[in-house]
Amino acid sequence: MLGRLVGFRLMGIVPQLALVSVAIFLLTYLIPGSPAAVLLGPRATPEGIAELEERLGLDQPLVVQFVEWVGGVLRGDLGTSWFGNKPVTKVISEHLLPTISLTVGGILVAILLGMSAGIVAALRPGALLDRIVGLGTATGLAVPSFWLGVILLGYLAVQLGWFPVLSWTPPSQDVGLWLRGLVLPSIAVGIAGSAVIARHTRSAMLETLAAPYVQTLRAMGTPRRTIVARYAIKNTMVPILSVIAFQLSTLIAASFVVEQVFTIPGIGTQLINAVARKDVPVVQGITLVVAAAVIMIYLLADIGYALLNPRARPQ
Amino acid sequence: MATVLAITGCSSSSDNSDDGSGQGPSGTVRVGIEEIPSQWVPGTDNGYAWVRVPYETLVGRAPDDPTQISPQLATKWEQTPESITFTLRDDVTFHDGTPFNAEAAKFNLEYVIEQAGPFSAGLSSISSIETPDELTLVLNLARPTQSLLSALTGRGGVMASPAAIEDGTIDDHPVGTGPWAYDQSLSVPGSEVGFSLYDGYWDIDNVGVRQIVLVAIDDSDARINALLTGEVDLGDVLVAQADQARDGGLEVDVFPGVHYGLLLLDRGPGGALEDLAVRRATCQSIDSEGLAAVGGGEYLTATNQRFQEGEYGHNGDIPPLKFDATAAEPQLDGVPPLTMLAFEQTQLFAEAISGMLGEVGVTLDVQTVTAGEYFTGWYAGTNSMGLGDNTDLTPEEWYTRWFAADAPGNPAGVESPELAAAAEKALAETGVAAAEPLWSDVMGIIAQESLVCNETIVNQAMGYKPGQVEGVQTVTWEASSVVFKSLRKGN
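These protein sequences, in sequence, are chains A and B. The UniProt record's numbering numbers the first residue of the first sequence as 1 and each following residue consecutively. The UniProt record's numbering numbers the first residue of the second sequence as 1 and each following residue consecutively.
Check each hint, because a few of them may be wrong.
In silico EDC-like links for lysine to aspartate or glutamate, alpha-carbon gap of 16 Å or less [stated by the list, open to error]:
{"hint": "1", "chain 1": "B", "residue 1": "K106", "chain 2": "B", "residue 2": "E166"}
{"hint": "2", "chain 1": "A", "residue 1": "K90", "chain 2": "B", "residue 2": "D172"}
{"hint": "3", "chain 1": "B", "residue 1": "K465", "chain 2": "B", "residue 2": "E251"}
{"hint": "4", "chain 1": "A", "residue 1": "K90", "chain 2": "B", "residue 2": "E34"}
{"hint": "5", "chain 1": "B", "residue 1": "K322", "chain 2": "B", "residue 2": "E289"}
{"hint": "6", "chain 1": "A", "residue 1": "K86", "chain 2": "B", "residue 2": "D389"}
{"hint": "7", "chain 1": "A", "residue 1": "K86", "chain 2": "B", "residue 2": "E289"}
{"hint": "8", "chain 1": "A", "residue 1": "K86", "chain 2": "B", "residue 2": "D172"}
Because the hints were derived from the structure by calculation, they are not lab data. This structure is a prediction, so every number in the text was calculated from the model and none was measured.
Work out the full structure: start from the sequences and follow the hints.
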């Protein structure tokens, strides 16, 4: 059954990626201005621009350029950066680990903080803790991640010196410093997600705790801690899983901004620089990889949902 | 007295002296920069300052007077109207151990010219290159030039190992002749590039530090924070943040980095700015001091011409800036709406200019676009005016880039007969000293015809913690640059 679900969803990925590819290609070409003019800078001559456009294949019809790009993508070749003269796959692979580290750190913060707060709030609805969580989640949703990052950096890194300002150290160089450097950016990027997860966890937990089977367990004298830890959390996870998947995809976007604040050399920084320079192959490559990652996240969420909830599996 | 642009027959004696400590290079200096160069190929747009760490050029520039050409990989040179002949050092090797000689220099210059990159135009006066022997390089000239030596001091003139260029490793790993060689063990992809002292360096006695690590810190606040916490020793600081940095205990050196000028482009037949009286009134209605104030304190300095007193090509007869909106207003009556493109860095000033012109009844529509759209729009010739970054170091470069009839920065393609004649005379003069008054005349005509107004010096700033690093010497007209060799690690 599960195999059928995975197969069905995998088949759905193909048209999704095809649509995304067309959109990415067309959108990057809608960015105004000539990339050749940017490459050559203020000293460029119209002849030089025309020559470079020919060399980059920009004089070809759009359809030809698209077919060549898609052909390359299918062969695993995302093209070459016009500015770095480096394969886009290399640009991405060199900068993927910082982004993955930050995203994983952020989602861990979001899940741990969000679920704990949501459960605590649901256990005593209307009590002081519930109100504090309510206020906290409203604040967490309102605070932009980059602003929180600046504040965290200013106090905890610059003034108190507890964390480094330059937050990225490769784990191959120093695992301790890698983890220490990721603390503040993970909090900055994960706090908004934790607020969303906390709210959903609270309502899902309240709903679960009101379910007849929980009432039965209570009547049987099962301790509340056991009810929550052994039964309620598992059922609460079913709706929360899709929330986490959605948060993970939005967190990737947030991490692109937070990377700048914490000087993390991830693919977000590369994407922002590439857009500014109109380095089309890099923009297309990174966007495609991120889009594919988001699609995969939703696929995994679907599988997880089916694992937790047998009724969601195809019959 | 104007500085002489080039020196012929220079000796190879170095200006750098030992620090007297009697110790060799020591310590690591971490430099916070905006962005790591995306590639290290000669002639590519790979950053101003950091290219100086692994690379050197045939000739260099004095840090405080960039028009003063000094020996570097060439010990001496002789220029005639037809050629420049360089005598190269005989004790230089690239970091990969291959020798630096005339063939290597020829390979590099031809590579930059053939790549048709952003710096190839600066070498366009070279018609062919000869290497009569291992240490003699002859650049044959297509026309007399006073700006080629200047161009050779810049990014178009860096010398990299031909072997590394040919095998493509140069993209990621710079292989030059400079004091420090690329060190992968000190580098982190995308964020740090490390360099260690090259033991075979020809001038090792004058090098102060053993390692230099360039750290990419895109955000200006983060750069200041990293300086304050000591995570970097030296780094670019926005001039607008200079006081904030000083308040935090940093030393901040502010120095002239880039020129900007408001170029009046729509001068062609029927153009909004064809009439000289309109151009003069346009310049007259812009308050340069007010414009400088827009950038805050030390950021901008308003001047009346591109080349300042003491610089080659300065014209002392150009009158000082005169802001007189009342006198300008009647002249501007009936001027059609003007247009100007701006991008992020120039938007503030473009809007300020628009406001000032609005005061005298002229509509200037400023459209903020991406850098790509900006350059395309400039060449398309559809805009009335534009803020040009006048990074050209010599009058010849400045004239041929912006004002000659065929200049890329002159989309209208018009040039007055007076200016063309004066420039032709200056270009034809082979003696550098003899050409100076002729270029000064050209500058006078450009001012008189109001082809550009509100020349502005954009200052740059370099911050560091006193005691953490010593010997910080900024380089005029080279953004973000310091003399890396003179750096010493503090205690």
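Hints, verified against the model:
Using a Cα cut-off of 16 Å, the hinted pair K106/B and E166/B holds, with the two alpha carbons roughly 14 Å apart. A threshold of 16 Å between alpha carbons decides the hint, and for K90/A with D172/B the separation of about 11 Å falls inside it, so the pair holds. For the hint linking K465/B to E251/B, the alpha-carbon distance of about 6 Å falls within 16 Å, and the restraint holds. With a CA separation close to 21 Å, the supplied pair K90/A and E34/B exceeds the 16 Å bound.
Between K322/B and E289/B the CA atoms are separated by roughly 10 Å; this keeps the pair inside 16 Å, and the hint holds. Under the criterion of a C-alpha separation no larger than 16 Å, the hint pairing K86/A with D389/B is inconsistent with the structure, at around 29 Å. Between K86/A and E289/B, the direct Cα distance comes to roughly 45 Å. Violation of the 16 Å bound is thereby established for this hinted pair. Annotation: proposed proximity of K86/A to D172/B holds, straight-line Cα distance about 8 Å (limit 16 Å).
In summary, the structure is inconsistent with hints 4, 6 and 7 from the numbered list given earlier, while agreeing with the others.
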